[in-house]
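A.B. asks: Sequence:
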Amino acid sequence: TLDEAFLIFDEPYFASKYLNSSISDASRIFDELILSYQYLTSELSSRFNQKKIGSETSVKKIVFIHRSNISIAQEVLNQNQKYLTSSPSSPAVSAASASFKAFAENTAASLVENEDILPVLIEIPFDSENLRKDSALVSWVCEYLDSLDNQKKSPSSRQKVSWIKGGSKVSGGFSLFK
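Under the working numbering, the residue at position 31 of the sequence shown is numbered 958, and the numbers go up by one with no gaps.
Hints were generated in silico from the structure; no laboratory data involved.
Cβ coordinates follow ideal geometry from the N, Cα and C atoms, glycine included.
Mixed in with the good hints there might be a few duds.
Said to hold, decoys possible - Distance condition first, Cα-Cα at most 25 Å in a straight line; then the derived SDA-like pairs of lysine to any residue:
id	residue 1	residue 2
1	Lys944	Asp1073
2	Lys1092	Pro1015
3	Lys1028	Lys1079
4	Lys944	Ser1026
5	Lys1028	Asp1073
6	Lys1096	Ser1017
7	Lys988	Gln1001
8	Lys1096	Leu934
9	Lys1060	Tyr940
10	Lys1060	Gln1001
11	Lys944	Ser1089
12	Lys1060	Asn1033
13	Lys988	Lys944
14	Lys988	Ser963
15	Lys1080	Glu931
16	Lys1080	Ile992
Unchecked claim - Ranges between beta-carbon positions, derived for each pair:
id	residue 1	residue 2	range
17	Asp1073	Asp1043	16 to 24 Å
18	Ser1083	Gln1006	25 to 33 Å
19	Ser1037	Asn1077	38 to 46 Å
20	Lys1079	Gln1006	47 to 55 Å
21	Tyr966	Val986	22 to 30 Å
22	Gln965	Val986	16 to 24 Å
23	Leu946	Val1039	32 to 40 Å
24	Asp1073	Gln1006	36 to 44 Å
25	Ser963	Ser1037	15 to 23 Å
Using the sequences provided together with the hints, build the complete structure.
C.D. replies: As structure tokens, this is what we get:
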């Protein structure tokens, strides 16, 4: 059975991969960085909604992780500030990033009444030193998801559509990021 799925938008990686913003590049970026997540989410939701006998976990989790990056606009607006990124996000990558966040939030909102699927939205700020390494991120996410499994009360609708700041203390409840 498939109990958890992770959809990760790693904006710093995409910023370094897609440096150009020509029309042909933008079309490819939108196909790869917007449509692909929508197709995957549709397939995952369909799979999660299938009732599997013998599943160990009753609630399936779809986890959207957004690792943000500094945009060109932010870099211009804050010229006196040093950032830890080697390349700011191009306009197309910034647009795909915003699309991912909107898609994740609205997917979560569409699942608030679904008792079989728990959406989890995690935001990793671009200046998050402690989660820069993938191993640290994975460790924190696994610890966080385990804490959700141990909660007596399921998250509220509001909590399901709110971004959780990656690296926040794992406690009995949600740590909201807004």
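A.B. asks: Checked against the structure, which of the hints given earlier come out wrong?
C.D. replies: Hint check: 1, 3, 6, 7, 11, 12, 13, 18, 19 fail, others pass.
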